[in-house]
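Enquirer: So you can see what is in the structure, the chains are spelled out below.
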Amino acid sequence: MANRPLHMTLNGQSVGPVEVPDDLPMIDYLHEYRNLTGSRLGCGQGICHACVVIVDNPDGTSEEVRTCITGAHYFEGKKVRTIEGHASRDESGKVTELNPIQQRFVDEFAFQCSYCAPGFVNAATVLVEKLQRQPISKSQLEAVIEDSLGHHICRCTGYVRYYSATRNVLTDLGLVKEG
Amino acid sequence: MSNRDISRRSFLQGGLIAGVSVTLTPLSSQALAALMENSVTVPSEQWLGNNGKARMRNDSLSKVCGSKVFARDIRSKDMPGWPHQQGHAMLLKTVRADRIYDGFDLSLLGAELQPDRIVTAEDLDRDGIVFPEDHAPDPLLPTGKVPMFIGHPVAILIWNDFERFRQAKNTLKFNDKAIRYGAEAPFYTRDPYGSFRYVRVGGATSADEDEFASLKDSILFPMIRERRPVWNAQPNLHGNLTERGLFYADRMKQQLETPPEGWMVFDERYKTPSIEPAAMEPDNGNGWYDPATRTLHFVVATQCPLEAATETAKMIAPSRFGLSTLNMHPGYTVGYGSKDHNIFVYYAALAALYGGGVPVRLANDRYEQFQSGIKRHPFDIRYQLAVDKQDHSFKIFRADMSVDGGGRINYSPSVAAVGATAAQSIYYMPQNDLQVTAYHSRGVEAGSMRGYGTLQSMAATEMMVDEIADRLGIDAIDLRKKNVLLSGMKNTQGAVPAGALRLHEILEKAAGNELWKNRHALKKQEDAKDPDNWYGIGFAICQKDFGTGSEAPMASIEFTADGHITLRHIGIEIGTGMSTSQALVVADFLGNPASEVKTGETEWKELQLTSSGNPYLMSQAEQDAMLRNPRWVGKIASASSATNSAYYFSHATREAARVLFNHGLWPAAVEIWRQGPFGGQANPYVLRREDAHWVDGKLTANGMEPLPFAVLAKRAHERGLVTGATVHGFNRWSWAEAEYSINGVRERLPLDGLAVKYGDGASNAIKAQMNSAGFHLLDRQNIAYPATQLNNAAVTYYSPVATLVELKVNKGSGEVKVLNHHSWLECGRVLVPELVKGQLEGGIAMGIGHALLEEMPLYEGGPGEGDWNFNRYRLPRAKDVAVWTQTSEILPPLSPSDPSKGIAEVVMIPVVGAIANAVAHAIGKRVRDLPITPVRIKEALNG
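Chains as they are written, first to last, in our numbering: chain A, 1 to 179; chain B, 1001 to 1943.
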């Protein structure tokens, strides 16, 4: 299998070019080449969404992309955010601030074992950012959350606190209009 | 003498296992963290609220940032001192069980992708590897044999680099082209894994002496003939125990066959599916064997780190490799039981051993996890229950259960026994005959999975009781109230459950629920409003045991002179939040939670414990003989499983904290309060230890000046009082007790091991006593161990949950949609409400999956063939669980001194029965096989 150079922006940093096999899944690139293991392997067939990262598009939108079924080279030139990049850290690497979704998941005991938490954080972060560009009405709130998080599988929590924490973040950030 | 002849009795002395020095440094530990510049739990200042309650889990920062929390996250470059090169391994498996295995041929990989090392059965034999007996025989199938089960591993394949491993694995997966199959052969067979019979005939009332019962008399064990249980003994009221038991069993059978006029005899069959725990973290391990120092460094995902360490050391030490040191690093993990007593750990250790000095990672992908991860296979249940038609009381309960135990024994005998002894659910049964047998099959290995047999048996019991109520034409909750166990009444083994039973309280609440009261009218209304669906409401309640009947918690608490509290604990954090809750338990006696928590600790040199024999099987005489050794305990350490953290782990934590209070903090406080002439501020009042209270982190009693913990800690150190305590407990349905002389004060404690540390200011003579790994190991006196006969009790600790479900069934498709549910839970004293509710929410989701969605073929076409994943095994999503609307309530404790009861498994069970009963209410027919799929609904409707 041939190798090709791969370059991307990963958590705000330019990474590469590095020679990477043509058919290498992105999740393997993250785990074995970048030692970023927070995007977790749940199924390997794009069902559970534990492996998703955020891709920031040039038009200002963002989306979650499953790394277990997407080749690393798909991300050539793209801006990628993984779970490891959300929190602010000081020079020693200690976390100084979580993003609003992370903070709320912590405050509301949203996860248990946390294997799926990075996927939920990424999906909910994309949702927050989407609604920051275009808020929704209250009557749409639950359906929108279901749409964003509905594919994500969790085996520990029964989803209740992930969903209510996400709803609370969106409300508290003023991203939900009356109606 | 070959290595295999070496005695398998396990002796653990100090930190040596089979002559191997074992250290266990969890990934979460500060020691390793300091080296890795990483840490999982944070100090209590960060997670504790001003009200003394947890405002977040103490591991949440690491987890929410995707830090390297799981063993699966680790690569060799993350581990201090390991070579950077990371090798990878996979298991090559047969996928047929009907042919002789004739070897393998990897030529399809081409020269480039050949493994750098292959390990076969012949290698293990030649090299003197002594695979753990509990997971034998044939961990790797030798040529010339028929596989024991579909998916039987034949070789470990190891590559020194990731890319060739990846490409080779891509070539090998989803096919068995590399396997050479020989002639057709009959399936492998062996005797059943276990067979048990629980017979009880109570007295006139539960309080009267039993005529016969497992606890007072005996559990009955059959002979095995042609792979099936048979009863050769003759029923005889005046014979030996088995003959007497059979007499009563026979009499019950006759009464059920020709019942009295006023009895109704219910007789139906229930079947459960083959299910997958589907922990999101698949099995994995990563290890490096350094031949120069004969050291195995091993990062591993396990719920039983001590067992894994012990058996790994014993496996490798006698081999040609040798083993001087095992450095094990258990990660945070998740398993629901599937990482307890799991053969995978040993494959991972072997992969590391044969790595030729290169660290090797063995990590299942999801297909492999389905193929070999521990399952729970079907229970095939026949229930008979005789009921008095007049007063609706239960008379005789008879159960006959066949359990498919899969390809290796694992815990299937125990699961079968626990399932049978739970079958009574919440009801008093005046007489019972419960038979259960766990059989080998060619299915994937089965073992511990959430519910442990009680999910299977109790869900069926709740379906049965509901149907009986229907046939009698009475309210199903009224029928339950009539037969509910009350405090002090006996279970089906003749044992009395612990403490107060509050089942009747829950039933009263459920009976008063508006949905339940109006369910028939609501159904009419909803069916009319929505003609495409049938609407139904169902209820179920059960109580489940927590603990295994052989629990051995260990904890150690120390505080420094400046008030820093450290808790070490054997518990592994598997998502339950035990690292948070145990830190809080410390505050019961120290007024403040532990600042630092180390979980997964299995190095307890200070206690110098030794253990031998099987606590479930040993005779009383054997136990009495063992107890003459003051260091002998029935079991060294519990796994993190069986819902054992809230009660059992808390026991050790509390007892350690209590020792520190009684012999460190309280004497320090008294000395401070008595400062001044004539006994200071304490003199005018009467000062009693039992009147002590912690208020806002300060100690006061009988009106004394509140003293901050830091002040007390400083004084305790200055005076050389007790400032550290390590404890070990043993529970066989009650706690072992012994007397200890602590700093000259004699106390009887529910502990069988105790070591203490004295403060900085202790005299040299006292400090000299701290010669057991820095602790003073105290000798126990007058040890009293739970009688071995208590093994027959099978269970005495219970937690109850009830669930009410609303659902609809689509008339066209037969799909069931859960609309809403409400649950009641009683768990004694709640340690952290969010963690308890989280278990309930998660357990209910898993129960919904079990009731409606999850099943797999047992054998051919099933997961053993290596191509199952979440596209075929349907897990519940948020849309399936009434995520926005579900509600629950936790009953308040009877008093602040209620123990905390374990609930992590029971929470998933009532919802299953409630769904089945709601479907029956909806469609007017009973579906007794799970899951209740559209196909089964249509079959029921069409007769």
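Mixed in with the good hints there might be a few duds.
What the hints assert, rightly or not - Below, a list of computed lysine-lysine pairs in the DSSO-like style, where the Cα atoms sit at most 27 Å apart:
#1 A:Lys94 with B:Lys1077
#2 A:Lys177 with B:Lys1879
#3 A:Lys94 with B:Lys1879
#4 A:Lys130 with B:Lys1767
Read the hints as simulated data drawn from the structure, not as lab findings.
Enquirer: Now tell me if each hint is right for this structure.
Expert: Now the hints, each set against the structure:
1. A:Lys94 with B:Lys1077: Holds - the C-alpha atoms of lysine 1077 of chain B and lysine 94 of chain A are around 20 Å apart, at most 27 Å.
2. A:Lys177 with B:Lys1879: OK: lysine 177 of chain A and lysine 1879 of chain B at ~24 Å, within 27 Å.
3. A:Lys94 with B:Lys1879: 37 Å, violated
4. A:Lys130 with B:Lys1767: Roughly 64 Å between the alpha carbons, so the hint for lysine 130 of chain A and lysine 1767 of chain B is violated.
Hint compliance for this structure: hints 3, 4 are broken, all remaining hints hold.
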